[in-house]
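Participant: Each chain, written out:
2 protein chains.
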Amino acid sequence: MSSEPPPSASAPPAAAAAVDDMSTDLAATTLSKKQAKKDARKAEKAEKAAQRQQQQQQAVDADDPFASHYGDVPVEEIQSKAVSNRVWSQVGDLDAAAAGRTVLIRGFAQAIRPVSKKMAFVVLRQSMSTVQCVLVASANAGVSTQMVKFATALSKESIVDVEGVVSLPKEPLKSTTQQVEIQVRKIYCINRAVPTLPINLEDAARSEAEFEKAEQGGEKLVRVGQDTRLNYRSIDLRTPANQAIFRIQCQVENKFREYLLSKDFVGIHSPKLIGGSSEGGAAVFKLMYNGQPACLAQSPQLYKQMAICGGYERVFEVGPVFRAENSNTHRHLCEFVGLDAEMEIKEHYFEVCDIIDGLFVSIFKHLTENCKKELETINRQYPFEPLKYLDKTLKLTYEEGIQMLKEAGTEIEPMGDLNTEAEKKLGRLVREKFGTDFFMYRYPLAVRPFYTMPCYDNTAYSNSFDVFIRGEEIISGAQRVHTPELLTKRATECGIDVNTISSYIESFSYGAPPHGGFGVGLERVVMLFCALNNIRKTSLFPRDPQRLTP
Amino acid sequence: MSSEPPPSASAPPAAAAAVDDMSTDLAATTLSKKQAKKDARKAEKAEKAAQRQQQQQQAVDADDPFASHYGDVPVEEIQSKAVSNRVWSQVGDLDAAAAGRTVLIRGFAQAIRPVSKKMAFVVLRQSMSTVQCVLVASANAGVSTQMVKFATALSKESIVDVEGVVSLPKEPLKSTTQQVEIQVRKIYCINRAVPTLPINLEDAARSEAEFEKAEQGGEKLVRVGQDTRLNYRSIDLRTPANQAIFRIQCQVENKFREYLLSKDFVGIHSPKLIGGSSEGGAAVFKLMYNGQPACLAQSPQLYKQMAICGGYERVFEVGPVFRAENSNTHRHLCEFVGLDAEMEIKEHYFEVCDIIDGLFVSIFKHLTENCKKELETINRQYPFEPLKYLDKTLKLTYEEGIQMLKEAGTEIEPMGDLNTEAEKKLGRLVREKFGTDFFMYRYPLAVRPFYTMPCYDNTAYSNSFDVFIRGEEIISGAQRVHTPELLTKRATECGIDVNTISSYIESFSYGAPPHGGFGVGLERVVMLFCALNNIRKTSLFPRDPQRLTP
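From first to last, the protein sequence lines are chains A and B.
Mapping of the first sequence onto the UniProt record's numbering: position 196 corresponds to residue 196, and the numbering continues sequentially without gaps.
Mapping of the second sequence onto the UniProt record's numbering: position 54 corresponds to residue 54, and the numbering continues sequentially without gaps.
Bound-form chain A, shown alone (with noise of 0.2 Å):
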């Protein structure tokens, strides 16, 4: 398949760059963010500099027969001035069977590695994806040394069009996902990256066994830190393994969407400006609303509880929650997607129980089976043990899982909460005991929201649940008072003005069934299911007590 040059290379005929050769691999973590950006301004400096050469340049390379052939795309060529129809090629479809057609694909200038003045690699990256592009001088092929020249200057991560043939390596080719070449008959700047990137994307994508093996030989990596990565998130999350995570949580949410649907859910949206002090604590960001005083949500919980009053017997909704807490632990976030769910129960919170069963045991297993690619891309940066679960998974009582920490040495207040060392402990424990993941029931109503049934036959209980999974609380569910006496009774003894949650009570006044409902927060699910270690990696811009940008 043939395509025709891109409109800006033959209307005005693109100029050649003369960049000299940059070193873009920079030490990037031991720069504060100033450092950063001062390193950032001067780049541009320099690139402005280097943009003024090569215009200087254009009369030299005029004598070029091949000057079309390569160039900087002026941006008044990228602002829509025609449609030409052109089709463009998929890193990720290139393969043995594309061998001899010409494509055009457009993709980040992953590497450049020139070979000689007549020869050079620039490596294209769609994605997960990554193609090697070959550059030899050549006549016969519309090829010049100075169109080399172009190619080797390039800077890394700048956006290249390339025009070639797809050939097949002699040897397998290491350092692409794709096994095929394109011999470069045209390529082009679409838009260039600074010389000086803030993140090398080689450092930011190495996983912990090619560190010990570099410092083992003697070298001495550059790491990337947690925190320069954030700031410079719009890099970071170029790497395979960000590229995956990000992948994996839309599957996630779709199979959460999915199952539920299935299961007769309907998908709801509930406001996050609400007045009062949502279900109270202090853990609330408050704002004025139009002169009142008003909060963000804290969950969808109220409003999902209200939506079963109005008959939609099963809902589900995903969408951002705030805590203003002052966590600063690798599980907490200031704003998180929630997966929350709700619906009526006919007799029992066992029968909420059952969907989350069914629910993420069809998410397991569809990530297992479905996305093999994205599983194996993060496995390669952060190696980790697939997920074990069942398809009932076990119950235990809370009574229960006090007994076994108090057998294994570990006191807890039998009406207190567990903290986050008991509770992994706990995990541990029961992975040992039992080799699984586990529900956790009817845990003291003192550690339990205002809107927690307490148990039939102790109300020191409540009908109320936790799921673990490798060790971690991470779903928590529960039956929820359906009749406005015992909720307004339950939200005083919380200690709830209820006055501002007057319209949520007087809901169960007008005819309410019972119900019970679970939350989740998505980026754990993903942390958790990936065996991460933070879950700002997977948050696609966190927000934590310190952090607001980017």
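Bear in mind the hints are in silico, worked out from the structure with no lab data behind them.
Among the clues, some could well be false.
The list makes no distinction among identical chains, and a pair is therefore deemed to hold if it is satisfied within one copy or across any two copies.
Said to hold, decoys possible - Derived pair list, reagent style DMTMM-like, types lysine to aspartate or glutamate, alpha-carbon separation capped at 20 Å:
| id | residue 1 | residue 2 |
| --- | --- | --- |
| 1 | Lys489 | Glu76 |
| 2 | Lys388 | Asp354 |
| 3 | Lys424 | Glu399 |
| 4 | Lys372 | Asp264 |
| 5 | Lys489 | Asp203 |
| 6 | Lys286 | Asp544 |
Guided by the hints, dock chain B onto chain A, whose structure is given.
Facilitator: For chain B alone, kept in the frame of chain A given last:
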């Protein structure tokens, strides 16, 4: 299929109620919220008195050999006491094929019609489905006159369990969706509604035609105003039209996701808490974030672009967006659900328009073909003409639009924006001339946000577009600026402090592909598809400048 009696009934013989008949048809619209609250309190007192009376009655009803076949189930019995594995039927599944079967259902008591001391009807509702339950006192059936009395004394909208035998009525039933009846054998009240509801569901479900017909007959029916509906949203949501509207909304979102996923988009979640001032302008909710000034995102715009810079190629997001605008119109909300997408483009933003064409045709087709029941239900209360749309939407330039308006006598400032009135008029003109909705593109740069790409041939115009449905602007989109230099220039020209968006602008220095995208409000799509007259009808719990509750 026979089902066991509920544990509640067999364990402690439940008491038969002896509440006197009480009319529950009370006009609600004329009540202020305060009055309604007072009434609700009064009603609660009345109910408690009724409960006491009922307890006293227990002794009397002990004579009834069928006393265990009916009664109020105490809340303790519904606190997850046991799992009985009883089989429950769905009202919507009850058809002639079920005749002769014993079924167990739970629903809202929508209507209670006493016929005599020996006979009564109770209509049970689940979501959009209703079924008539018949009580006839008979020793053979285990139904006593006390049981009939208990049923007639139920308050409307109470949650009721019925066990009975499905039978075929002699004549077609007009007031229920299901064409079978249930011959009641057992009836239990699970959770009573207050006797006097602030909204009567029948009133809330009437169409304009019914009001007119009644008025012509000299009858005055109660109208439930929009504010009353929203004040008591958990009742209002039970009307058939509202049950349908939010199911349609869920389907729009599903199809939006499905279509974009099929086109290799990745679903993302961007932060709603952001530093700086979002996209500028006054319509921003501000708050303090752990001591730092922050605001709520007016759209995921900057983040979906950073995801494109992060190598995601095509992304979409479904999530809340916040606008602190003081707009009290039929089509503005302070919080709504944004459907946003952003994608790399190769050369022209019409590539985005093509995606929109395919996307909305797929959504509209899906609704028309697979949501017939919901659309008919909405149509019964709010009649509307089906939406007309083409597979390839008509495109007009802004200049052409202005010209059409001019020819029809409406003079518009050629470089200004259209107001709603002009928009609607243009929509009418285009429909008259072309019989369709349309894209309008090439808007003046000055009326579009700073990140909009100017036109290559005239920078007073921009590579932007709006889509009109039923003559109202609904989708907005554009090519975006993808170089840091132009972006800085445009932000500065638009009066935005570039320091507050520095990490956004920086993202374009590290390799940024040309891209474009669009955004649309979920509530507006549903409103315009169903030709509803107010966006509050398509928001579950709407937020406008006046409303922050429930």
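Participant: Within a copy, between copies, both or neither: where do Lys286 and Asp544 come within 20 Å Cα-Cα?
Facilitator: Classified as both: same-chain Cα gap 17 Å, cross-chain 18 Å, threshold 20 Å.
Participant: Indicate which option fits the pair Lys424, Glu399 if close means a Cα-Cα distance not exceeding 20 Å: within, between, both or neither.
Facilitator: within (16 Å within a copy, 65 Å between copies)
Participant: Can you give me the call for Lys372 and Asp264, within, between, both or neither, at a CA distance of at most 20 Å?
Facilitator: between (29 Å within a copy, 17 Å between copies)
Participant: Could you figure out if Lys489 and Asp203 sit no more than 20 Å apart (CA to CA) within one copy, between two copies, both or neither?
Facilitator: neither (57 Å within a copy, 33 Å between copies)
Participant: Using 20 Å as the alpha carbon limit, work out where Lys388 and Asp354 are close: within a copy, between copies, both or neither.
Facilitator: within (18 Å within a copy, 44 Å between copies)
Participant: Measure nothing new, just compare the shortest in-copy and cross-copy C-alpha distances for Lys489 and Glu76 to 20 Å and report within, between, both or neither.
Facilitator: For Lys489 and Glu76, only the inter-copy Cα distance (15 Å) is at most 20 Å; the intra-copy one is 67 Å.
In summary, the one numbered hint that this structure violates is 5.
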